[in-house]
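**Q** Residue-level listing of the chains:
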Amino acid sequence: MERALKRWSPLFILPTFLAFAIGFIYPFVEGAYLSLCQFTTVRDAKFIGFGNYIRAFGDSQFLDSFWFTVAFTVVSVALINVIAFLFALMLTKNLKGTNIFRTVFFMPNLIGGIVLGYIWQILINCVLSLVGKPLLALNATAGYWGLIILMCWQQIGYMMIIYIAGLQAVPDDLTEAAQIDGATPLQTLLRVKLPMVMPSITICTFLTLTNGFKLFDQNLALTAGEPNHATEMLAYNIYNTFYARSGPQWKGMGQAKAVLFCILVVAISMLQLKATRSREVQQ
Amino acid sequence: MTKKKTAVNGLLIALLTALSVAWVYPVFMILMNTLKTERAITTSTAFLLPTAETFAGVQNYVSAIVSQGFLQALGYSLLITFTSVALILICCSMCAWYITRVKGWVSKILYFLFVLSMVVPFQMVMFTLSSTADMLKLNTPWNICVIYLGFGAGLAVFMFCGFVRSVPLEVEEASMIDGCNPVQTFFLIVLPMLKPTLVSVGILEAMWVWNDYLLPTLVLDIKKYMTIPMLIQRFRGSFGRVEMGPMMACIMLTIIPIIIVYLAGQKYIIKGVAAGAVKG
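Chains as they are written, first to last, in the working numbering: chain F, 1 to 283; chain B, 1 to 280.
For reference, chain B alone in the conformation it holds in the complex (with noise of 0.2 Å):
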């Protein structure tokens, strides 16, 4: 019986490690490619690693960051995910505290469009979302915060709402009896009880905002303002041939930093994923 197992288990830990390896492959071919020179980057040569003749150095990357503004579109990606992500933490947590504590028809009507806008999908209001950020002027990587703030509340509000249930009332009472007002017992009592969901929500919307590509599409002024999707986009359109070798170290130089976040981080990012979905 036991040989039997451990024989079994060595079977699935062969089969588990070629997967491994089958879902690796695709980065690292983009990767292999990025360090070819342009002419030996063919179909035929693709899935081979490059030799002393086709080794470009990092000459790719150079010519990504310098000319194809990579760097521009870095900053304007950091900065819009950074904004939207801490407004949503900050004003959805407290929105959704209210909307649990305070009992009525505005607290359900709230809770059910917010879970509504979470099935919704994007092209139902993509054109008219565009004229309206046009016309309240939240066109530019520094207010479109407030567009993801509104279209990201549903899936933060559900999951904090799904917490704060959780929260024992007596605790809250106590601190108002106590003499604090609820603002400061939101900040000093139920804020740090909800740590481990701000994670949870705070990896979620970070996700969806640092890879959204058609909302800033629509909504930024695509000639001043680009973030890093759309560079990558861009590539294919206006380009008549396009460069293999700068495109791909694009490619790179985007995954590399999410790769690095993601091995320092990846605790608390698989739980957050898994808590985001018992929640849900």
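Same shape as in the complex, but just chain F (with noise of 0.2 Å):
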């Protein structure tokens, strides 16, 4: 059979393969290239080494963003990932009114990014001004929490739908042998349901991590970075080292910013598959 498959290779995976090159394999090589070079569009690039690295580092803005995107994605996916838990706890009570909870809890996922930035910003606004608050666009401490509630307002529903097919893959025996062992609700909840999705929660940090390191339309929409950067993440303040300023030297160092932000990423959920997916039982 596989020889017989080989003779339409062009047809089975051609498509595919061109428009991956197209959309992915040149732009994410010739963007490698570029970071060591100078330019303003593609013609004109000149080598130059690894100058944008050294000013990439140097630049303490894109320092100030990877700490606040740091201290945006912890605080984010681990209330993300608790309340999201206890949530899909609840709906697999079989409580009267599970589905309608779930269609409610989920839905704002299904909401673009840029709209729920503009939704939350109107209200957010509005909170502020009622109780005498500097608006959004002076106050970073409203942005910064404003950002991880939307996203947990975005996320939470997601993230428990996945929590919630995993509880229910835990068999029944295995929730009554603990009881019958004399397990309280706690112990069970720790020692049996736990370990048993871990898979899913596997799965949860690695989009709630990826999800938070590369956030980009909220943080544009919500707080567009203001007060004066001090809420610009990393997504953001490479976008606008590249089409904010002008000028032969920001489009490079914007390159080189986006390959260490690309490494880390890659990193990141490497390691954070690493860790979870080693906790994970076979059953």
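Because the hints were derived from the structure by calculation, they are not lab data. Keep in mind the model is a prediction, meaning the values are calculated, not measured. Using N, Cα and C, we set each Cβ at its ideal position, and we do this for glycine too. Among the hints, a few may not be true.
On the chain B side, residues computed to face chain F include the following (Cβ under 7 Å) [said to hold, decoys possible]: (1) Pro26; (2) Ile30; (3) Cys92; (4) Asn143; (5) Ile147; (6) Arg234.
A short, non-exhaustive set of chain F residues, derived as facing chain B with CB atoms under 8 Å [claimed, not checked]: (7) Ala4; (8) Lys6; (9) Val42; (10) Arg102; (11) Val104; (12) Phe105; (13) Leu123; (14) Cys126; (15) Leu174; (16) Ala177; (17) Ile180; (18) Asp217; (19) Lys251.
Mind assembling these two chains? They're in different frames, but the hints should get you there.
**A** So this is what it looks like as structure tokens:
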């Protein structure tokens, strides 16, 4: 069968491969090369070595954005996963109205980042002005917590669905056996259910972690980095380096930042997958 | 014991109800304000229901549709989402079947690259991608789907591969022995079995393409073509003072179709998301 299939390989893999080459491989390789160049368009690139990287590390705004992104991601990953897991526990108890609750909690996930950002910008600004605090454009603390609330609102439903699927896959005889052996509900949760849903935890931390690091739309729509770049996350910082400034020195630096950002995201997701995969149990 | 249990369950339901109300409130608040006149939308009255004096009817919606180019953006968004998702589903399922069934270094390298592309942030390729798209004239709503196929291939191939592996090889071999060529085998035997995965992948990719902001902004000519997220974002930039009424009406017009589609197909959507995650 393999040989017969191989004869048709152009039909089966070529369309996807060509689009993939145009949409990912070529831009990726060219981007990696351009990070070593000075350029304003792709045509006028001039090789300059690692100068862009040195200047990227010297950019204090880039480092601030890095720490802001880390602070945001750590808190949002923890909050989203804990709350989503609690929601999933409540929704697997066969309560009345479970379907309605599930539908409602998942709903924000379908709304795009830009629209979500504006909804919460309006809402948060109204609340801030009612309590007499400075609005989002002047208030970095509110911007930070606003982003976290927004991401919780958007992602808890999604992660909850994954946790529900995980919890429902835990066989009943396991929990029953634990109860017969005298385990309290808390012990059953921590010692039986939690290890059994470890694959769901792996996926959810992976998704929330990468979503947190890569966050762009919500950042742009909610705070746009205001006040004075204090709420600018890495992805948005790179975007601004590329498009908000003119001059031959910026685009190369932006591309160097993008390469660093890419290495960072890939490395973190590999580490995370390795760390949580090792805790998964086989049934 | 049972009495205590019903009391606990009652409390949980009350808690979940309160949370649900809180979950819906942001959307409800926007809806409420779209029905008010421009002057009545101030920060101090934003949380009040519209009254007889401040009720504006559908005026904000009319202005959003007539003067803000909403319908055009909606058309482009629909066009791009539909063509991209259709292309992704057909091409990626074929590709995934091939690289799962034909072992060898080509398949291995391709699979690795597809998985890598899921993790790589868009900022890494955004500048070079937009220049490549310009060069190849892929910068109109009619053919931007090629770019989406390239960039969405990672997730789709990954999910299809996960499913194809669980399909028994014997069925396909039987059809080959009965005289089907690989194309017939794929479209008559494999594709029908892939239906649940097609739905999952279709939903995930459609959610992504429909809501995507940065890719169309960088690739499309913004003066000629605008998708819905681009339209919403434009309100902030180019208008001197933002007209809150029409802007919020635009937001509502964006959300309402999504909610209708969601309520109609929520079973598939929620199942699709769960299945996608388990395969991941």
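**Q** Decide, hint by hint, whether the structure agrees.
**A** Do the hints match the structure? See the list:
The closest approach between the C-beta of Pro26 of chain B and any C-beta of chain F is roughly 5 Å, which is under the 7 Å cut-off, so the hint is satisfied. A cut of 7 Å between beta carbons decides the hint on Ile30 of chain B: the least distance to chain F is about 6 Å, and the hint holds. With a cut of 7 Å, the hint placing Cys92 of chain B at the interface with chain F holds, because the nearest CB-to-CB distance is about 6 Å. Checking Asn143 of chain B against chain F: minimum C-beta separation of about 11 Å lies over 7 Å; hint violated.
A least Cβ separation of about 5 Å between Ile147 of chain B and chain F falls short of the 7 Å threshold, and the interface hint therefore holds. Annotation: Arg234 of chain B was flagged as interfacial toward chain F, and the flag is violated, the nearest CB pair being 10 Å apart, outside 7 Å. Interface hint status for Ala4 of chain F: upheld, as the beta-carbon distance to the closest one in chain B is roughly 6 Å, under 8 Å. At about 6 Å, the closest approach between the beta carbon of Lys6 of chain F and any beta carbon in chain B falls short of 8 Å, and the interface hint on this residue holds.
Using the Cβ-Cβ criterion of 8 Å, the hint placing Val42 of chain F at the interface with chain B is satisfied: the shortest such distance is roughly 5 Å. Against a cut-off of 8 Å between C-beta atoms, the interface hint on Arg102 of chain F holds, since the closest Cβ of chain B lies about 7 Å away. Given the 8 Å rule on beta carbons, the hint for Val104 of chain F holds: about 4 Å separates it from the nearest Cβ of chain B. Because the closest C-beta pair between Phe105 of chain F and chain B is about 6 Å apart, less than 8 Å, the hint holds.
Hint status for Leu123 of chain F: holds, given a least beta-carbon distance of 5 Å to chain B, under 8 Å. Checking Cys126 of chain F against chain B by beta carbon gives a least distance of about 4 Å; that is within 8 Å, so the hint holds. For Leu174 of chain F, the shortest C-beta to C-beta distance to chain B is roughly 19 Å, which exceeds 8 Å, and the interface hint is violated. The interface hint given for Ala177 of chain F is broken, as the beta carbon of that residue sits about 20 Å from the closest beta carbon of chain B, more than 8 Å.
Checking Ile180 of chain F against chain B: minimum C-beta separation of about 16 Å lies over 8 Å; hint violated. Using the Cβ-Cβ criterion of 8 Å, the hint placing Asp217 of chain F at the interface with chain B is satisfied: the shortest such distance is roughly 5 Å. Proximity of Lys251 of chain F to chain B holds as hinted, the smallest CB-CB distance being about 7 Å (cut-off 8 Å).
When the structure is compared with the earlier hints, violations turn up for hints 4, 6, 15, 16 and 17 and for no others.
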